[in-house]
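Chemist: Sequences and hints are given; from them, build the entire structure.
Protein chains in written order, with our numbering: chain A, 1 to 206; chain B, 207 to 412.
There may be inaccurate statements among the hints.
Stated by the list, open to error - Among the chain A residues that face chain B by a calculated CB cut under 8 Å, a handful are:
(1) Ser92
(2) Glu190
(3) Asn192
Stated by the list, open to error - Calculated cross-link-like contacts (lysine-lysine; reagent style DSS-like; alpha-carbon spacing at most 30 Å):
(4) Lys66/A / Lys277/B
(5) Lys277/B / Lys102/A
(6) Lys66/A / Lys198/A
(7) Lys308/B / Lys277/B
To be verified - Label pairs and their calculated CB-CB ranges:
(8) Gln164/A / Ala387/B: 37 to 45 Å
(9) Ser369/B / Leu8/A: 27 to 35 Å
(10) Phe304/B / Ser108/A: 21 to 29 Å
(11) Phe220/B / Pro143/A: 28 to 36 Å
(12) Arg154/A / Val362/B: 31 to 39 Å
(13) Phe304/B / Thr147/A: 17 to 25 Å
(14) Leu105/A / Pro249/B: 49 to 57 Å
Source of the hints: derived by calculation from the structure; they are not laboratory data. Every residue, glycine too, gets a C-beta built ideally from N, C-alpha and C.
There are 2 protein chains.
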Amino acid sequence: MSDVIDRLHDTVRFRLSHPLVQLEASGRHLHLSRADADRLLGPGVSLTPVNDLSQPGQFTCAERIKVTGPKGEFPALVIIGPERRESQVELSATDALFLGVKPPLRLSGDLAGTPGVRLTGPAGSVDLDHGVIIAQRHIHMHPNYATRHGLRDRQVVSVRVWSQRGVTFNNVIVRLSPDFATYMHIDYDEANACGFRKGMLGSVIV
Amino acid sequence: MSDVIDRLHDTVRFRLSHPLVQLEASGRHLHLSRADADRLLGPGVSLTPVNDLSQPGQFTCAERIKVTGPKGEFPALVIIGPERRESQVELSATDALFLGVKPPLRLSGDLAGTPGVRLTGPAGSVDLDHGVIIAQRHIHMHPNYATRHGLRDRQVVSVRVWSQRGVTFNNVIVRLSPDFATYMHIDYDEANACGFRKGMLGSVIV
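Modeler: What follows is the structure in structure tokens.
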């Protein structure tokens, strides 16, 4: 019993003494370049926002895209808008195995040397020759949060979450921008592995 | 650069100063009671060993079982033999979502209050009223290893693995038996979340 109280005490002290960050689990999705949106959805067609996401200006779209790999397909993958410089497909390792592609672990936008996949929309198809990644776990961080806790852009930190499946995620990349709301993003494999629940907080360990 | 060397030094020191344990990823599978094997495969039918597993006496079987849940099915799930006291289906959270069942996180054999699922084999069907779990991460540990490193049965430890997706698994249960070979078992969600590769070693943290 005193063992349990000791452990509870340690846990509370740990959580009080480390910065907290809210976790979000990102399902598979894609971003489209303006040129690919033209080819897939029709020239000049606007993406239709459905839900605002936690990152300011980002939204899920009414339009869906079929994504086809060598071994499987997702018939209606979610698009996250607005358009980006390059099209990008973000999968979990489970999703990648299902499609039959072998994407590397990368931060968003770092697409050199990544595999491609076929995209199909109502207006046509695009064979991406690159753009598929497994998103490396990261924290979108507002500079105010970073200043308050002495953190910096591109810093590698760990984040501990408490649950029956408690995990400390190591190699978490801090990404700083005044356009960000402070959230840590993990994929569904990571969410399942740590007993993720909506609103879950993690402790940032430097 | 000196930052990199410092980190490398810390990592090497950490790995040298903690007991190592080899990880194995368990895919979805089931165990059958003798009575359920009779109903599914035919009275008195023996399970046919195909591959020996790392745990002494445990093997995958040539026979396969269809597992049906409210939302999906696995047409040919692997059986791990020999027979057990109770039938038990072990899924990842991803698998459970696919089947439409909500199993709790449990150690093997702890089946009270767990959901059931339909099993179908060449000789018939069985509606399990309980037996589906998500396996709680654990270390099968031989007593010699435990003695050498001062660990005990049911101890809760953490295990850190190094990879681009490095993770420290907390709440890992030590299970001691002279019948065990020393291996840590994780499921495929956890394997994907930590960048698992065959032969991967983890550092045991008390």
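Chemist: If a hint holds in the structure, say so; if it doesn't, say that too.
Modeler: We went through each hint and held it up to the structure:
1. At its closest, the beta carbon of serine 92/A sits 7 Å from a beta carbon of chain B; the interface hint therefore holds under the 8 Å criterion.
2. Contact between glutamate 190/A and chain B, as hinted, is supported at the beta carbon level, the nearest pair being about 4 Å apart and thus within 8 Å.
3. At its closest, the beta carbon of asparagine 192/A sits 4 Å from a beta carbon of chain B; the interface hint therefore holds under the 8 Å criterion.
4. Only pairs whose Cα atoms come within 30 Å are accepted, and lysine 66/A paired with lysine 277/B is accepted, the gap being roughly 22 Å.
5. Distance check on the hinted pair: lysine 277/B and lysine 102/A sit about 28 Å apart at the alpha-carbon level, within 30 Å; holds.
6. Only pairs whose Cα atoms come within 30 Å are accepted, and lysine 66/A paired with lysine 198/A is accepted, the gap being roughly 28 Å.
7. With a CA separation close to 12 Å, the supplied pair lysine 308/B and lysine 277/B stays within the 30 Å bound.
8. For the pair glutamine 164/A and alanine 387/B, the supplied restraint of 37 to 45 Å is violated, since their beta-carbon distance comes to about 26 Å.
9. Serine 369/B and leucine 8/A have their C-beta atoms about 31 Å apart, which keeps the hinted 27 to 35 Å range intact.
10. The supplied range of 21 to 29 Å is met by phenylalanine 304/B and serine 108/A, whose beta-carbon atoms lie about 27 Å from each other.
11. A hinted range of 28 to 36 Å for the beta carbons of phenylalanine 220/B and proline 143/A is consistent with their spacing of about 32 Å.
12. As the Cβ distance of arginine 154/A to valine 362/B is approximately 34 Å, the hint placing it in 31 to 39 Å holds.
13. Between phenylalanine 304/B and threonine 147/A the beta carbons are some 44 Å apart, a value that contradicts the proposed interval 17 to 25 Å.
14. Between leucine 105/A and proline 249/B the C-beta distance comes to about 50 Å, which sits within the given range of 49 to 57 Å.
Going through the hint list in order, the structure does not satisfy hints 8, 13.
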